[in-house]
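Protein chains: 2
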Amino acid sequence: MTAATLDKEWASFGGRQQLYTHQSEETGTPMTFSVYLPPQYDVGPCPVLYYLSGLTCNWENVTAKGGFQGPAAREGLIIIAPDTSPRSDDVPNEDRYDFAIGAGFYVDATETPWSKNYRMYSYITHELPAVLAKTLPNADFSRQGIFGHSMGGHGALTIAMRNPSSYQSLSAFAPIVAPIQVPWGQYALKGYLGPDQNRWADHDATALANAVGWDRDILIDQGDSDDFLEKELRPGLFSAACEAANIDLTLRMQPGYDHSYYFISSFMDDHIRWHAERLK
Amino acid sequence: MTAATLDKEWASFGGRQQLYTHQSEETGTPMTFSVYLPPQYDVGPCPVLYYLSGLTCNWENVTAKGGFQGPAAREGLIIIAPDTSPRSDDVPNEDRYDFAIGAGFYVDATETPWSKNYRMYSYITHELPAVLAKTLPNADFSRQGIFGHSMGGHGALTIAMRNPSSYQSLSAFAPIVAPIQVPWGQYALKGYLGPDQNRWADHDATALANAVGWDRDILIDQGDSDDFLEKELRPGLFSAACEAANIDLTLRMQPGYDHSYYFISSFMDDHIRWHAERLK
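Protein chains in written order, with the working numbering: chain S, 307 to 586; chain E, 307 to 586.
Just so you know, not all the hints are guaranteed correct.
Put simply, identical chains are the same to the list, so a pair is met inside one copy or across any two.
In silico SDA-like cross-links for lysine to any residue, where the CA-CA straight-line distance does not exceed 25 Å [to be verified]:
#	residue 1	residue 2
1	LYS422	SER471
2	LYS314	ASP554
3	LYS496	ALA370
4	LYS440	ASP554
5	LYS422	GLN560
6	LYS586	ALA551
7	LYS586	THR338
8	LYS314	ASP533
9	LYS314	LYS537
10	LYS422	PHE534
11	LYS314	ASP564
12	LYS314	TYR403
13	LYS314	ASN516
14	LYS314	GLY562
15	LYS314	THR362
16	LYS314	GLN560
17	LYS440	LEU543
18	LYS314	ASN367
19	LYS314	GLU536
20	LYS586	GLU331
21	LYS586	PRO489
22	LYS314	GLU332
23	LYS422	GLY350
24	LYS496	ARG522
25	LYS440	TYR493
26	LYS422	VAL397
27	LYS496	GLN560
For the record, the hints were derived by calculation from the structure and aren't laboratory data.
Modelling step: build the complete structure from the supplied sequences, incorporating the hints.
Dropping the structure here:
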């Protein structure tokens, strides 16, 4: 594994907002991710917090609009924002926003033609941390947190629950919590993993709550004016599963908030603080 | 003057990020602007702070990426982000980024074909406040501040200096301070106002420092890695003029920062605080 290439860097809140590209072995494509290095990075090791984005997004949406740099500078956290899928003219695609490019759903696809490139689960959990280790000498990978929005909230929940020794803190904004039971998830998991629903459960936070649990706490913020709340997100399915499994979930229904970055940025400081308290 | 039409609203930091459109008499086109209403707006009158954007931008750039909502919610300020020019298929345009659509330079054009629509000075100073007064009953127009970025910093400086009874606080990010002496300004002022440079001085902050002064203070942040620093911005011209005219300017050269929204957002909180302290 070699280091990623620094493409661009902006001074930001006393630290550095960076953009990197590397050739991914998992996806077979170049992959771009952003890194925020807080001012503390120049002094010593800092914890690493991964932000997984939602449908259609790449590194740039949350990096430009999420407002994480100020809180991360205050708390001394490194923020990593990867892409949501491989992205190249050479990878197979469908003409819809909720599958294939921009919609990797953080799984390793088993079905043709997707299985060759759509390996976002292994990319996020293994390849990206290894690349980062070569790239960021002062990143402390013994202290990692993960959060995300919508499809990325699904990714954060499922990735953390399946890898509890890798991630010490977990939160989400308006996550897809039960993909097996909602249209976005059913289409994507069938496409990537095939029709046998038994193979979907490893990628369903509500199923994982019962199957593997989570022995730390979880913060979820969800707007009650989110257009996707009833059909795609359904946080009540996850909160019921957490209650049954004795998982310490704080689910905050935020009155008036929708699914946008105006919602995410409003609660970004709370989430950064949540992770910082658990990673320091 | 009638109220503007509310097109969209997002909950944001306990307040409301709104988007309005109205038919402008000055520009002869529909004009769109954003309004942030802090939570305090629902309780009583709040001061109004105008943010004027730079070349190519409309309301959305700073509204999505500037990070003003959190500080404005804390301080109880209303933030208004107008467009940078009329914007319609019917208005004359040139195929360049620094003149005509997206580049109104906050002047009232006198030259054909621009004079019919490019009336951003009168739009910002007179029509927009009148429309807002009909639209936002709890906005306190006796307490107004103004700031902006690059071309919008030029707009903020020149508009405030020419209307000191209307604006009680003033700041800028990387402003064009001497358009008469730099290529962006020379092209635009010649196009809008004609070749007689005597008619440009009312729209040049450095000339206005000597001509009319400013009896309050001014905050300017400028990145020292800004690609436009030497050729287009040249803050030293303005600081010399302020010194000669006894104007209380705080010019902060920020090491490593460029011209981007990563720069603006890094110092947004300082600027919001600056205005709040002077408007409360």
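* **Numbers of unmet hints, in rising order** => The structure conflicts with hints 1, 2, 3, 4, 5, 6, 7, 10, 13, 17, 20, 21, 23, 24, 25 and 27, although it agrees with all the remaining ones.
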